[in-house]
Amino acid sequence: MKKDSTTDIFTQREKEVLEVLIKGKSNKEIADKLTITSHTVKAHIASIYEKLKVSNRVQATVKYLQLINR
113 MKKDSTTDIF
123 TQREKEVLEV
133 LIKGKSNKEI
143 ADKLTITSHT
153 VKAHIASIYE
163 KLKVSNRVQA
173 TVKYLQLINR
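Residue numbering for the sequence shown follows this note's numbering, starting at 113 and increasing by one per position.
Simulated from the structure, these hints should not be mistaken for laboratory data.
Possibly wrong hints are sitting among the right ones.
Pairs of lysine-lysine residues, derived as BS3-like cross-links and limited to a Cα-Cα distance of at most 25 Å, are as follows [unchecked claim]:
| no. | residue 1 | residue 2 |
| --- | --- | --- |
| 1 | Lys-127 | Lys-137 |
| 2 | Lys-127 | Lys-175 |
| 3 | Lys-140 | Lys-163 |
| 4 | Lys-145 | Lys-127 |
| 5 | Lys-135 | Lys-154 |
| 6 | Lys-137 | Lys-163 |
| 7 | Lys-154 | Lys-175 |
| 8 | Lys-135 | Lys-175 |
| 9 | Lys-140 | Lys-165 |
Label-pair distances were calculated between CB atoms; the ranges are [claimed, not checked]:
| no. | residue 1 | residue 2 | range |
| --- | --- | --- | --- |
| 10 | Arg-182 | Ser-159 | 28 to 34 Å |
| 11 | Asp-120 | Lys-140 | 25 to 31 Å |
| 12 | Lys-145 | Leu-177 | 17 to 23 Å |
| 13 | Ala-158 | Ile-180 | 19 to 25 Å |
| 14 | Lys-127 | His-151 | 28 to 34 Å |
| 15 | Ser-150 | Arg-182 | 17 to 23 Å |
| 16 | Val-166 | Glu-128 | 24 to 30 Å |
| 17 | Gln-171 | Asp-120 | 17 to 23 Å |
| 18 | Val-170 | Lys-127 | 15 to 21 Å |
| 19 | Ser-167 | Thr-123 | 29 to 35 Å |
| 20 | His-151 | Asn-181 | 14 to 20 Å |
C-beta atoms are modelled at their ideal positions from N, C-alpha and C, and glycine is treated no differently.
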């Protein structure tokens with residue numbers, strides 16, 4: 113991932129969640145990969161959606177990839 117000030121709105125953990133989410137993984141798979149609970153994943157994803165002003169995974173993936181590829 114490029115270092116870009118546009119992604120500074122995310123915490124390090126949110127960035128980690130996004131990197132797994134964009135690979136199409138489920139909340140459980142994200143939780144297992146990052147050794148956190150599914151509940152915590154849901155909280156991070158809700159925060160990510162709010163910051164990106166999106167309402168689903170596809171929108172979040174597209175917008176995040178646009179941010180990091182600027």
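How the hints compare with the structure:
Proposed proximity of Lys-127 and Lys-137 is supported: the alpha carbons are some 14 Å apart, at most 25 Å. Between Lys-127 and Lys-175 the CA atoms are separated by roughly 13 Å; this keeps the pair inside 25 Å, and the hint holds. Of the pairs offered as hints, the one joining Lys-140 and Lys-163 holds, with about 22 Å between alpha carbons and a cut-off of 25 Å not exceeded. Using a Cα cut-off of 25 Å, the hinted pair Lys-145 and Lys-127 holds, with the two alpha carbons roughly 13 Å apart.
At roughly 16 Å between alpha-carbon atoms, Lys-135 and Lys-154 fall within 25 Å of each other, so this suggested pair holds. Between Lys-137 and Lys-163 the alpha-carbon distance is near 20 Å, which keeps this suggested pair within the 25 Å criterion. The straight-line distance between the Cα atoms of Lys-154 and Lys-175 is roughly 18 Å, inside the 25 Å bound, and the hint therefore holds. Distance hint between Lys-135 and Lys-175 is fulfilled; the C-alpha atoms sit about 14 Å from each other, no more than 25 Å.
The straight-line distance between the Cα atoms of Lys-140 and Lys-165 is roughly 23 Å, inside the 25 Å bound, and the hint therefore holds. Judged by the Cβ atoms, the range 28 to 34 Å given for Arg-182 and Ser-159 is violated: they are separated by roughly 21 Å. Under the hint 25 to 31 Å, the C-beta atoms of Asp-120 and Lys-140, about 29 Å apart, fit the expected range. The beta-carbon spacing between Lys-145 and Leu-177, approximately 19 Å, falls within the hinted interval of 17 to 23 Å.
Hint check: Ala-158 to Ile-180, Cβ distance near 21 Å, so the stated range 19 to 25 Å holds. The beta-carbon spacing between Lys-127 and His-151, approximately 19 Å, falls outside the hinted interval of 28 to 34 Å. The hinted window of 17 to 23 Å between Ser-150 and Arg-182 is violated, with their beta carbons roughly 31 Å apart. Separated by about 18 Å at the C-beta atoms, Val-166 and Glu-128 break the suggested range of 24 to 30 Å.
Range check, Gln-171 to Asp-120: about 20 Å between beta-carbon atoms, so the 17 to 23 Å window is met. Distance hint check: the CB atoms of Val-170 and Lys-127 are about 19 Å apart, consistent with the given range 15 to 21 Å. Range check, Ser-167 to Thr-123: Cβ separation about 20 Å, and the 29 to 35 Å hint is violated. Between His-151 and Asn-181, the C-beta spacing of about 31 Å breaks the proposed range 14 to 20 Å.
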